[in-house]
Amino acid sequence: MSSTTNTPTHHTSTIGSIGAPSRRNTELALLIFAVAIPVFAYANVGLALNDQVPAGLLGYGLGLGLLAGVAHLAVRKFAPYADPLLLPLATLLNGLGLVAIWRLDQSKRLQAMHAAGDKATNQLIYTALGIALFVVVLIFLKDHRTLQRYTYISMVVALFLLLLPLVPGLGADVYGAKIWIQIGSFTIQPGEFAKIVLAVFFAGYLMVKRDALALASRRFMGLYLPRGRDLGPILVVWFISILILVFETDLGTSLLFFGMFVIMLYVATERTSWIVFGLLMSAAGAVGVASFEPHVQTRVQAWLDPMGEFKASRSGIQDGIIHSEQAMQALWAFGSGGTLGTGWGQGHSELIGFAANSDFILATYGEELGLAGIMAILLIYGLVAERGVRTALAARDPFGKLLAIGLSGAFALQVFVVAGGVMGLIPLTGMTMPFLAYGGSSVIANWALIGILIRISDTARRPAPTPAANPDAEMTQIVRPGTTGPDPQ
Amino acid sequence: MNKPLRRIAIFCGLLVLALLIRDNWLQYVQADKLRTASDNRRVAIERYAAPRGDIIVDGEPITGSVLTKAGDYKYKRTYKNGPMWAPVTGYSSQAFDSTQLEKINDGILTGNDDRLFFRNTLDMLTGKPKQGGNVVTTLNSAAQKAAYSGLKNQGGKGAVVALEPATGKILALASYPSYDPSSFAGSRDSDAAAWSKLQKKSDASDPMLNRALRETYPPGSTFKVVTAAAALENGKYSSADQKTDSPLPWVMPGTQTELKNEGNIPCKDATMRVALQYSCNTVFGKIGADLGNDKMLAEAKKFGFDSEQFTPIRANASVFGKNMNDSQTALSSIGQFDTAATPLQMAMVASAVANDGKLMKPYMVSSLQSNLDPVERFEPEEMSQPLSPSNAQILQSMMETVVKDGTGKNAQINGVTVGGKTGTAQHGVENSENPYAWFLSYAKLPDHSSPVAVAVVIEDDNAVRDDISGGGLAAPIAKNVMEAVINSKK
Numbered sequence: 001m002s003s004t005t006n007t008p009t010h011h012t013s014t015i016g017s018i019g020a021p022s023r024r025n026t027e028l029a030l031l032i033f034a035v036a037i038p039v040f041a042y043a044n045v046g047l048a049l050n051d052q053v054p055a056g057l058l059g060y061g062l063g064l065g066l067l068a069g070v071a072h073l074a075v076r077k078f079a080p081y082a083d084p085l086l087l088p089l090a091t092l093l094n095g096l097g098l099v100a101i102w103r104l105d106q107s108k109r110l111q112a113m114h115a116a117g118d119k120a121t122n123q124l125i126y127t128a129l130g131i132a133l134f135v136v137v138l139i140f141l142k143d144h145r146t147l148q149r150y151t152y153i154s155m156v157v158a159l160f161l162l163l164l165p166l167v168p169g170l171g172a173d174v175y176g177a178k179i180w181i182q183i184g185s186f187t188i189q190p191g192e193f194a195k196i197v198l199a200v201f202f203a204g205y206l207m208v209k210r211d212a213l214a215l216a217s218r219r220f221m222g223l224y225l226p227r228g229r230d231l232g233p234i235l236v237v238w239f240i241s242i243l244i245l246v247f248e249t250d251l252g253t254s255l256l257f258f259g260m261f262v263i264m265l266y267v268a269t270e271r272t273s274w275i276v277f278g279l280l281m282s283a284a285g286a287v288g289v290a291s292f293e294p295h296v297q298t299r300v301q302a303w304l305d306p307m308g309e310f311k312a313s314r315s316g317i318q319d320g321i322i323h324s325e326q327a328m329q330a331l332w333a334f335g336s337g338g339t340l341g342t343g344w345g346q347g348h349s350e351l352i353g354f355a356a357n358s359d360f361i362l363a364t365y366g367e368e369l370g371l372a373g374i375m376a377i378l379l380i381y382g383l384v385a386e387r388g389v390r391t392a393l394a395a396r397d398p399f400g401k402l403l404a405i406g407l408s409g410a411f412a413l414q415v416f417v418v419a420g421g422v423m424g425l426i427p428l429t430g431m432t433m434p435f436l437a438y439g440g441s442s443v444i445a446n447w448a449l450i451g452i453l454i455r456i457s458d459t460a461r462r463p464a465p466t467p468a469a470n471p472d473a474e475m476t477q478i479v480r481p482g483t484t485g486p487d488p489q
Numbered sequence: 001m002n003k004p005l006r007r008i009a010i011f012c013g014l015l016v017l018a019l020l021i022r023d024n025w026l027q028y029v030q031a032d033k034l035r036t037a038s039d040n041r042r043v044a045i046e047r048y049a050a051p052r053g054d055i056i057v058d059g060e061p062i063t064g065s066v067l068t069k070a071g072d073y074k075y076k077r078t079y080k081n082g083p084m085w086a087p088v089t090g091y092s093s094q095a096f097d098s099t100q101l102e103k104i105n106d107g108i109l110t111g112n113d114d115r116l117f118f119r120n121t122l123d124m125l126t127g128k129p130k131q132g133g134n135v136v137t138t139l140n141s142a143a144q145k146a147a148y149s150g151l152k153n154q155g156g157k158g159a160v161v162a163l164e165p166a167t168g169k170i171l172a173l174a175s176y177p178s179y180d181p182s183s184f185a186g187s188r189d190s191d192a193a194a195w196s197k198l199q200k201k202s203d204a205s206d207p208m209l210n211r212a213l214r215e216t217y218p219p220g221s222t223f224k225v226v227t228a229a230a231a232l233e234n235g236k237y238s239s240a241d242q243k244t245d246s247p248l249p250w251v252m253p254g255t256q257t258e259l260k261n262e263g264n265i266p267c268k269d270a271t272m273r274v275a276l277q278y279s280c281n282t283v284f285g286k287i288g289a290d291l292g293n294d295k296m297l298a299e300a301k302k303f304g305f306d307s308e309q310f311t312p313i314r315a316n317a318s319v320f321g322k323n324m325n326d327s328q329t330a331l332s333s334i335g336q337f338d339t340a341a342t343p344l345q346m347a348m349v350a351s352a353v354a355n356d357g358k359l360m361k362p363y364m365v366s367s368l369q370s371n372l373d374p375v376e377r378f379e380p381e382e383m384s385q386p387l388s389p390s391n392a393q394i395l396q397s398m399m400e401t402v403v404k405d406g407t408g409k410n411a412q413i414n415g416v417t418v419g420g421k422t423g424t425a426q427h428g429v430e431n432s433e434n435p436y437a438w439f440l441s442y443a444k445l446p447d448h449s450s451p452v453a454v455a456v457v458i459e460d461d462n463a464v465r466d467d468i469s470g471g472g473l474a475a476p477i478a479k480n481v482m483e484a485v486i487n488s489k490k
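So the sequence lines, in the order shown, correspond to chains U and A.
In this text, residue positions in the first sequence follow the UniProt record's numbering: the first is 1, and each later residue adds one.
In this text, residue positions in the second sequence follow the UniProt record's numbering: the first is 1, and each later residue adds one.
Excised from the complex, chain U in its bound form (with noise of 0.2 Å):
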């Protein structure tokens, strides 16, 4: 097994051979596009809601122009052979969620409930922020398989993190979901940093740990079934996502960190058995919580009938359940903009109320652009999880293999369960979509998520060194002639 580790199989073309171009100049024309977009995606809401270009326009346009320069410079700098659409992709996500965030904060509806106002400045200064992250991360993450010596530590700190809001006084129950932490005015969700975090500890513990998982199992009906020992690990993960299904009552976060695992560790053992067992531990776990958990419950219940609940909502019911008619009118939000949306700035989606502009913020471009544009968002989300699989393929040691899928894997799950949850296609969870929607936490993890991937596809498709100075084939050729000692050298 670990002789394949660096040895690319033949099959394997995605890894650039000797001599491969650097793309900057791709990603660079690319990243023009993505903040030409979104300015002018800007300037039309503007254009729609008051009939003239917004006065921010070019404080807009340049702050955005010279955050994605500032990110591009780095990975120039720092990480020249990484993938070239990575960076665009996020560049254009993120200024698109500036611009509907901004559109909503011209909302009386929402300036009047405190949920809009102000918060298109305070977002580009979490971009700022997570462009920072992004950038911290290119130069101080020389290669990511330092990552690993903190396999353990990573493992306390996400533990830490996901707990952090069941800690009395400081977590914040938002609601329902209480997913997130309260530090004075700030409001944090450690979810988002908690899964890269996580990640990092799945892939560190499942390389060391793949082999005994893989091939210790027996056969039976078609699949490898697991030793009962090796189910350990498993079990815990399962038994902590549970645990977060109950306490902080979030079905999202909780599918979203025993998918990552399910995932990762297919990926390490090649067993299809773990799939299913996943997928059987997740059906249960789910079913099981949900039979007791009222939050959950109702969570389904207006999956299933939102004009129900809708109607529940605004007959103002006493019977201890909060009724939340958001779910009826992010559908009306979808419907109403048909196929090919109202346009910007003309649609209503801020009858969604709260969390218009993070948790609900794809209904609002539902509305404004259509079917087209919902499908070409979904797309780049598409094409951002599937570059990162890409990545995963062409990395060359199984950490960073395993790291990567890990991310990406989180990434589609995370887009398919919030982005599923407001289309009505499964139950409403309390995340948010990454990069389009309001806050800090979730904007400022997933650049330094972004960072991560591109500093793996960097070393994956950096040309190989070649085999005299590569300092492997050195040591084991000192190696060989029995000595035990220590490279002289």
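Just so you know, the hints here were simulated from the structure itself, not pulled from any lab data.
The beta-carbon is built from N, C-alpha and C at its ideal position, and this holds for glycine as well.
Everything hinted at is true.
Covered by chain U, according to a simulated footprint, are these stretches of chain A (three or more residues, beta-carbon under 8 Å):
1) 20-28
2) 34-43
Listed next, with one range per pair, are the computed distances between beta-carbon atoms:
3) A/D39 <-> U/N50: 27 to 33 Å
4) U/L159 <-> A/R188: 47 to 53 Å
5) U/L304 <-> A/D32: 20 to 26 Å
6) A/E60 <-> U/N122: 51 to 57 Å
7) U/D118 <-> A/S190: 28 to 34 Å
8) U/L170 <-> A/D114: 56 to 62 Å
9) U/T339 <-> A/D97: 26 to 32 Å
Result set (DSS-like, lysine-lysine): computed pairs, CA atoms no more than 30 Å apart in a straight line:
10) A/K130 <-> U/K108
11) U/K311 <-> A/K74
12) A/K103 <-> U/K311
13) A/K197 <-> U/K311
14) U/K108 <-> A/K33
15) A/K3 <-> U/K209
16) U/K119 <-> A/K74
17) A/K236 <-> A/K409
18) A/K302 <-> A/K404
19) U/K311 <-> A/K201
20) U/K142 <-> A/K3
21) U/K108 <-> A/K74
22) A/K200 <-> U/K311
23) A/K268 <-> A/K404
24) U/K311 <-> A/K33
25) A/K128 <-> U/K108
Starting from the known structure of chain U, fit chain A onto it as the hints suggest.
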């Protein structure tokens, strides 16, 4: 590790595909259903996004739109003389939907009607703001004012309908007590409070009921005009001055009950002219019983009974009983028993008589306009011919005697020939409640044209029972309405 990685790549693709399929379902397949759902607030937001077109009377709008600063709705409906025009306009409320002309012509008024598509496109290209079209009515503001103030001064519940006999145009349509549709046109708490105050459960006088079209009353003696028409049309009697076969006292067939007249009036074998002049129950009761249920019903149907009328606002169907025995038919033929009519229906009766027997379909919208260009015009339509012209003239002379020498003297107008009929309909258990006072009439100018026919009904809970008679309470209002129409034509 690459084989599972490729599978995960496919899995991520499937996740996105599932979202794409769901989105197509939502934004393509279900889009129209979601977009037009009545609970979707966007429907009302769209309705009030532009100034609504107006409802026009005599070239002047009786509605308006004001820009509102707060809330989702840009414009709010306003009404001039709201309570007076409410039976015509209905209401258009941000919170409580709309009714009547506001509802029926919503597409034109908002400008969303397909027929305005061309103009909307033109406006869009030339950068003009979208504007709703107008609804031009047939109403006469002077007549409406006379009708409404007459009811208001009188103080009881009631309704007035005035028609132009030759065309069927509705000239006045008043109901009292009424409501101001401006008071709940918005979506604030004060609008909701005004709305709930007007509901029948908090206001027993039910101000939001359109009595002119939606309430049926026993027509009492005014129905004798229909019975007289049936007698003439079926050849029972061929002249107004022919003695009728009317014993007094008269016991209704198949019963031991005498049909009573009001007071000691000359009804024995009276001519139809005299019988109408004194409002003899025995004469017309016997005519009804002699003709029988079927013939009476057939004549009533020709006048419009038994079917809803669309003016275009829907009016309830007026009732003449079916499958009745002779005594029941006798009672029905003097406007009692099951007979019930809307004020519009009785105005149609007067109008058909005045128009030489031809009943025109009543209507109140003469055209729909977009930007002063007519989108659709409505022309007078003949509905039926309940009387031959000669029989109609006989009936006219009888009704004119009623006003000249009989119970309808209060409706006389100098220089104008007025024909009419009073009615006092009993109701309640054992006639315990105050009767309804009816008056229906028409005016005829010296050139024999008839500009107006009117029906007035008043239900007065406060008046002393004996004071109520069609001639005393209702005829003066009818007179004022007729005068208003005649003066406005000069």
